[in-house]
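Chemist: Each chain, letter by letter, is given below.
Number of protein chains: 2
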Amino acid sequence: MFESAELGHRIDKETFREEEPKLRAALLDTQFDFRENGKFPVVILISGVDGSGKGETINVLYEWMDPRYLSTLAFSTPTDEEQERPYMWRFWRALPPKGRIGIFAGSWYSNPIAERIRGKLDKGDLDQRMDQINRFEAMLVNEGALVLKFWFHLSKDGQRQRLKALEKDPRTAWRVTKESWARLKTYDKLQEAAGHVLRMTNTPWAPWIVVEGTDDRYRSLTVGKIILDALQKRLADTRDQNYPVAPPMAPKIDRLDVLTALDLTQTLEKQTYETQLAKWQGRLSELVRHPEFRKHSLILAFEGSDAAGKGGSIRRVTAAIDARQYQIVPVAAPTEEERAQPYLWRFWRHIPRVNRVTIFDRTWYGRVLVERVEGFCSEADWLRAYTEINDFEHELHKDGAIVIKFWLQISAQEQLKRFKEREKIEFKRFKITEEDWRNRKKSKAYHDAVCDLVDRTSTSTAPWTLVEANDKNFARVKILRTICERLEKALNTEKHSEKAKD
Amino acid sequence: MFESAELGHRIDKETFREEEPKLRAALLDTQFDFRENGKFPVVILISGVDGSGKGETINVLYEWMDPRYLSTLAFSTPTDEEQERPYMWRFWRALPPKGRIGIFAGSWYSNPIAERIRGKLDKGDLDQRMDQINRFEAMLVNEGALVLKFWFHLSKDGQRQRLKALEKDPRTAWRVTKESWARLKTYDKLQEAAGHVLRMTNTPWAPWIVVEGTDDRYRSLTVGKIILDALQKRLADTRDQNYPVAPPMAPKIDRLDVLTALDLTQTLEKQTYETQLAKWQGRLSELVRHPEFRKHSLILAFEGSDAAGKGGSIRRVTAAIDARQYQIVPVAAPTEEERAQPYLWRFWRHIPRVNRVTIFDRTWYGRVLVERVEGFCSEADWLRAYTEINDFEHELHKDGAIVIKFWLQISAQEQLKRFKEREKIEFKRFKITEEDWRNRKKSKAYHDAVCDLVDRTSTSTAPWTLVEANDKNFARVKILRTICERLEKALNTEKHSEKAKD
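As they're listed, the protein sequences go chains F and P. Quick note on the working numbering: the first sequence kicks off at 2 and runs consecutively. Quick note on the working numbering: the second sequence kicks off at 2 and runs consecutively.
One or more hints might be untrue.
Where chains are identical, the list cannot tell them apart; a pair therefore holds if satisfied intra-copy or between any two copies.
[Said to hold, decoys possible] Using 35 Å as the maximum straight-line C-alpha spacing, the simulated DSBU-like pairs for lysine-lysine come out as follows: (1) Lys40 <-> Lys99; (2) Lys296 <-> Lys165; (3) Lys399 <-> Lys421; (4) Lys253 <-> Lys442; (5) Lys443 <-> Lys425; (6) Lys443 <-> Lys40; (7) Lys280 <-> Lys473; (8) Lys99 <-> Lys443; (9) Lys418 <-> Lys179.
Derived from the structure by calculation, the hints contain no laboratory data.
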């Protein structure tokens with residue numbers, strides 16, 4: 002992996018002076034072109050051993066390009082807002098939007114490598130995390146991002162010499178800390194861990210670029226040319242950037258499916274309903290104030306046919322929780338800032354801290370429902386979304402979030418009845434829009450989409466609960482009971498969460 | 002202040018049952034209208050004594066209105082990300098966008114009142130903070146927000162009874178904590194502090210609404226009706242919401258001004274330049290790594306004529322700082338999410354944490370420059386902006402941020418020369434746009450706007466530095482020297498910052 006980065010690459014002053022202005026001009030030109038026409042973000046990872054010129058390279062890039070459209074993301078100790086959310090949240094938060102270049106000084110690789118060196122991560126766990134990273138990067142690339150991962154390498158001897166040289170120069174002495182020298186001692190361990198990580202994550206969509214870090218001129222020219230080349234190629238390439246990450250759908254050959262199997266005739270009498278409602282609301286209000294919940298967060302995802310009663314159900318849930326502890330996120334069309342990011346970004350930004358609840362009224366499943374049915378995204382996009390969504394929910398789950406997903410199903414007759422009723426009752430009338438009537442006509446397509454999403458995304462960590470919602474009382478109690486039972490399990494007996502293990 | 006809230010207001014069940022559905026229907030209707038047509042945000046503050054029904058009222062509002070377009074903002078102990086930024090940052094961050102209702106459970110009033118009760122704030126300091134709050138709320142209202150400030154009142158005896166009643170009911174017992182009972186002992190102190198605060202901040206643009214908290218039905222109906230009424234009035238009122246906060250401009254009656262007074266012939270020879278540049282860059286790189294800087298942040302604001310050399314100057318500054326410690330924010334047209342917020346919101350979101358640097362390439366002064374000259378905002382808007390900007394910078398300063406502002410000035414001839422040069426040199430050509438040529442024609446209007454902004458916003462806490470920029474070397478060294486000198490003063494000898502006093 003590192004062989005050709007130990008050959009002693011050097012560029013003499015003369016050549017550098019000749020090459021630099023040309024490269025600079027081309028980079029600026031290309032960056033301008035990218036800002037105007039590049040409908041994708043660029044993610045540059047700058048990593049490698051201490052003293053290999055990571056900071057210097059970033060500074061050179063700032064000098065050569067228009068620094069106003071670069072941003073450098075540094076990740077030291079997580080802030081408490083970051084600590085109280087899933088690990089990947091801080092990286093999602095830092096992703097550059099379309100037309101921008103984000104330089105990551107430190108990245109999702111830093112923590113696994115550091116933990117591996119400190120012996121806190123066994124090989125199995127490390128590989129599992131690399132697998133998650135590969136899937137995350139595939140998602141980025143599929144969403145259009147150009148991902149360039151640099152690893153600056155130094156031989157052990159080279160590192161010692163670089164640190165000495167940096168220390169001698171008063172302008173760079175501050176870059177060398179006690180930790181830098183300490184890391185020289187763990188050089189071999191780092192090489193082993195990094196070598197393994199680089200091999201595992203050297204994917205076709207986001208390959209590693211190993212650069213020898215000894216000579217400043219060589220390193221700067223190399224990085225500059227690689228970025229220039231990659232940007233130009235990507236700008237010229239108008240093909241779809243999709244990598245296959247999800248298999249095609251299985252054909253439906255009979256009429257049996259999870260929705261038609263539901264018994265929509267189930268009801269709950271008013272008397273029983275009121276007793277049950279009070280019981281489960283009381284239980285829920287205790288659970289969200291349970292000391293154990295302070296290590297968890299709760300994410301409720303509501304999907305369902307139009308007029309299936311999502312709003313009413315959500316109100317029955319929130320009645321049991323203090324308004325300061327939850328947020329409801331109604332999912333509508335994405336904003337401009339959201340459209341400049343990968344699809345899941347707009348959900349990540351609302352992920353709650355521990356001890357908090359976020360209720361999504363419509364969710365990330367829009368991708369495989371309305372966007373699929375209405376053709377708002379390509380088939381490749383919604384096909385890969387199943388995998389991405391499973392990864393997303395797994396990411397949430399493994400850091401302690403409890404994800405509960407509801408599909409509220411009503412029959413076509415019941416829906417029609419409710420539509421007509423609502424048009425009559427004044428203070429509900431605004432809930433029926435032209436779109437609702439239009440959607441009804443596509444019910445077959447939506448039906449299939451729902452069956453597919455249940456099959457593909459009902460996982461042990463985040464199972465779907467299908468709710469028979471023809472009777473509102475029945476539906477509301479089922480929802481509240483499900484939330485309580487899942488919470489009880491997570492707070493008292495669930496021991497398999499990875500966070501709990503740490 | 003609290004007299005009519007101790008009369009024992011009550012609503013009987015019968016009346017409530019009759020009134021509630023009508024109010025609900027009207028609220029939902031109006032909320033729908035507001036979402037469709039209301040081009041303003043609604044800020045509702047729910048405050049008052051413990052046990053007066055703050056939480057219950059919020060829950061009732063969620064029940065009565067469409068909860069998807071409400072959000073409740075709760076503020077407990079600030080997170081470290083909040084602590085490391087100016088006090089108001091967390092509130093700016095939480096402001097609802099246009100078309101949304103934000104309910105503040107706890108607000109900018111909580112901390113001053115609490116500190117006053119604990120004896121940590123003398124009357125002078127309290128009044129100063131109330132003055133800042135009044136100015137902040139005036140800004141919100143001028144930006145179009147509807148601000149409703151509720152204070153729920155209970156007599157001392159009423160509070161005791163409410164707490165007992167809440168404790169008895171198993172569904173509400175959790176609302177009563179040890180602190181609730183403790184606060185009964187400080188009842189008189191709270192009344193005194195709150196009475197004073199309410200009087201001081203009872204402005205025409207954001208008056209207090211004191212509501213008796215004893216009876217749930219009375220309180221709910223009252224709050225509901227007030228919100229309904231205020232929303233309906235505001236929706237019907239198409240007049241400008243501006244309150245005069247800035248006096249009109251003084252007429253210019255001679256040709257003497259701060260810009261023409263500049264000596265643009267000043268230069269710096271290459272040799273001196275290089276020595277000086279190295280000296281000040283070295284000094285800057287030490288200062289941003291000084292232990293004292295960990296209590297401060299640095300905000301650099303760059304404004305100037307087109308082609309005045311802002312970009313080159315910024316690069317000379319950033320060369321002295323590690324890329325991980327700073328961010329450059331190029332200010333362009335606001336995004337959709339930014340347009341849904343008060344003008345200064347898009348700058349607040351980039352305010353750095355302590356030990357960090359943010360460099361604004363063009364700034365909040367756009368309001369009184371391009372927006373004024375091009376007529377992008379009304380005269381009332383840019384006139385009040387001077388005051389709002391001074392308040393903003395004062396807010397930053399008093400919590401330890403160091404704000405340094407540069408205006409780079411070049412002569413008309415020099416500008417023309419640079420425009421022409423740039424069109425020739427390939428890798429700089431993109432910097433000249435049609436707009437630049439257009440702006441040149443309005444140079445008189447811009448000239449006046451710059452003179453006004455210097456007069457009105459060069460304060461002792463955030464003075465302007467006018468930079469003679471015909472000679473780039475001279476300009477760059479002046480900028481670096483100014484930054485170093487301001488930093489030195491702030492880190493070693495500046496004792497007057499309010500944060501330092503605490």
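Chemist: Please sort Lys40 with Lys99 into within, between, both or neither, judging by C-alpha distance up to 35 Å.
Modeler: both (6 Å within a copy, 28 Å between copies)
Chemist: At 35 Å max between alpha carbons, let me know whether Lys418 reaches Lys179 within a copy, between copies, both or neither.
Modeler: neither (73 Å within a copy, 51 Å between copies)
Chemist: 35 Å Cα cut-off: does Lys443 pair with Lys40 within a copy, between copies, both or neither?
Modeler: Classified as both; 32 Å inside a copy, 34 Å across copies.
Chemist: My question is about Lys443 and Lys425: at a cut-off of 35 Å on alpha-carbon distance, are they close within one copy, between copies, both, or neither?
Modeler: within (24 Å within a copy, 59 Å between copies)
Chemist: Go through the copies and call it for Lys99 and Lys443: within, between, both or neither, with a Cα cutoff of 35 Å.
Modeler: Answer is both: 33 Å inside a copy and 33 Å across each meet the 35 Å cutoff.
Chemist: What label fits Lys399 with Lys421 when the C-alpha limit is 35 Å: within, between, both, or neither?
Modeler: So Lys399 and Lys421 fail the 35 Å test inside a copy (44 Å) and across (59 Å) alike.
Chemist: Cα distance capped at 35 Å. Does Lys296 pair with Lys165 within a copy, between copies, both, or neither?
Modeler: between (45 Å within a copy, 31 Å between copies)
Chemist: For the identical chains here, do Lys253 and Lys442 meet the 35 Å Cα criterion within one copy, between copies, both, or neither?
Modeler: within (20 Å within a copy, 68 Å between copies)
Chemist: 35 Å Cα cut-off: does Lys280 pair with Lys473 within a copy, between copies, both or neither?
Modeler: within (17 Å within a copy, 75 Å between copies)
Taken one by one, the earlier hints fail for this structure at numbers 3, 9, listed in ascending order.
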